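Note that the protein sequences, when read in sequence, are chains A and B. Numbering follows our numbering, with no gaps: position 168 of the first sequence is 168. Convert by adding 188 to the 1-based position in the second sequence; the result is the number in our numbering.
Just so you know, the hints here were simulated from the structure itself, not pulled from any lab data.
Label-pair ranges, simulated between beta-carbon atoms: (1) A:D171 - B:F293: 51 to 61 Å; (2) B:G229 - A:S64: 22 to 32 Å; (3) A:G72 - B:F293: 54 to 64 Å; (4) A:A173 - B:R244: 29 to 39 Å; (5) B:S256 - A:D118: 18 to 28 Å; (6) B:E218 - A:S16: 50 to 60 Å; (7) A:L50 - B:T230: 27 to 37 Å; (8) B:G280 - A:A173: 46 to 56 Å.
Footprint (simulated), chain B over chain A, 3 or more residues, beta carbon under 8 Å: (9) 80-87; (10) 105-117; (11) 136-143.
Computed from a predicted model, the values in this text were never measured in an experiment. C-beta atoms are modelled at their ideal positions from N, C-alpha and C, and glycine is treated no differently.
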Amino acid sequence: MAAVAGSTPVVRFFVSARSFIAVLGVLAVVGLLVFGLLSKGSSGVAVGDLAPVESLPRLEGSGSESLADYRGRWVLVNFWASWCPPCRAEAADLQRFQERLGGPEFTVLGIDSRDLTDDGVEFVERYAMTYPQLRDGDGDTAQAFGTTGLPESFLIDPRGKVRLHAPGEVDEAYLDEEVAPLLSGGKS
Amino acid sequence: MSARLAAVAVIAAALLAPAAGAEQSASLTEIEKQVMCPVCGTLLQLAESPQAQRERVFINRLIDEGRSEEEVKDALVAEYGDEVLALPPDSGFSLSAYVVPIVAFLIAAAALAVGILRWRRGGPGGTAPRQGSGPSGADAERLDADLARYDL
Numbered sequence: 001m002a003a004v005a006g007s008t009p010v011v012r013f014f015v016s017a018r019s020f021i022a023v024l025g026v027l028a029v030v031g032l033l034v035f036g037l038l039s040k041g042s043s044g045v046a047v048g049d050l051a052p053v054e055s056l057p058r059l060e061g062s063g064s065e066s067l068a069d070y071r072g073r074w075v076l077v078n079f080w081a082s083w084c085p086p087c088r089a090e091a092a093d094l095q096r097f098q099e100r101l102g103g104p105e106f107t108v109l110g111i112d113s114r115d116l117t118d119d120g121v122e123f124v125e126r127y128a129m130t131y132p133q134l135r136d137g138d139g140d141t142a143q144a145f146g147t148t149g150l151p152e153s154f155l156i157d158p159r160g161k162v163r164l165h166a167p168g169e170v171d172e173a174y175l176d177e178e179v180a181p182l183l184s185g186g187k188s
Numbered sequence: 189m190s191a192r193l194a195a196v197a198v199i200a201a202a203l204l205a206p207a208a209g210a211e212q213s214a215s216l217t218e219i220e221k222q223v224m225c226p227v228c229g230t231l232l233q234l235a236e237s238p239q240a241q242r243e244r245v246f247i248n249r250l251i252d253e254g255r256s257e258e259e260v261k262d263a264l265v266a267e268y269g270d271e272v273l274a275l276p277p278d279s280g281f282s283l284s285a286y287v288v289p290i291v292a293f294l295i296a297a298a299a300l301a302v303g304i305l306r307w308r309r310g311g312p313g314g315t316a317p318r319q320g321s322g323p324s325g326a327d328a329e330r331l332d333a334d335l336a337r338y339d340l
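All chains, please: the whole structure from these sequences, using the hints.
Quick look at the structure:
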């Protein structure tokens with residue numbers, strides 16, 4: 001530094017310009033790494049966290065919806081895809097649960113993830129699913145929730161917080177024993 | 189006049205024919221090399237998952253409908269998003285995937301060239317102090333004065 005301090009203004013200018021470029025380069029690399037981590041390394045949501053509320057297109061028909069539209073209701077968000085065998089296995093149980101408990105206070109909400117639209121629509125028709133269905137073609141919402149596979153379900157309370165996480169297939173017994181008590185306030 | 193028109197029509201048809209042929213040349217094998225299986229995170233060509241099988245069925249259906257390679261890829265992007273493409277699009281932030289390596293290479297090449305030039309000027313003992321490179325004149329006097337103040 002003493003050499004720089006004692007050198008001519010031209011030399012000092014080039015040394016400082018070089019340092020500036022080096023710092024700029026390091027910042028650019030760090031910025032890219034941070035961007036990559038933030039965009040890819042989502043750790044998902046845990047019980048007690050607010051659920052992501054990205055808007056998604058409806059699987060059938062036009063328009064889009066967000067979980068924010070369901071504030072004030074309990075929502076069982078179920079990520080599924082037509083090509084996923086366990087999703088087929090749980091479809092009938094979820095539909096029956098919706099028929100028994102669905103209403104102004106609660107609904108199942110299906111999110112068809114990384115699936116072809118036509119396949120998803122056919123799946124909904126085959127299993128006569130009547131609850132709302134959204135489409136997450138690029139899987140970004142599933143990633144925001146931190147899913148590691150399909151199917152996965154998240155119970156969201158009326159304030160938008162995750163109250164239960166069910167990785168993997170759910171069945172009637174699980175829904176009755178784990179989900180239903182929370183809806184009626186019988187389990188904290 | 190009509191003979192001239194006919195000749196123009198024949199030439200135009202000959203010129204357009206290769207383009208039309210290229211449009212019809214979409215094949216599953218070629219497209220599989222350019223798109224991903226979004227669930228597996230690998231090229232579709234290498235994927236055997238149920239989702240990959242459905243993706244192949246979708247591509248074959250579009251090819252049977254006479255869609256070009258670009259149209260098939262556009263349809264896949266509409267279904268699965270940009271990440272279905274093995275190569276990122278050359279627009280928006282994805283452009284950095286192409287630009288950053290080139291810029292990094294140029295910077296590295298320039299740094300290497302400057303380093304080699306300096307090394308050659310400094311000779312084989314590049315790190316050794318060069319003769320006559322010490323301070324002189326006012327700098328030498330100031331250095332002596334500074335050193336005198338640090339009498340260890």
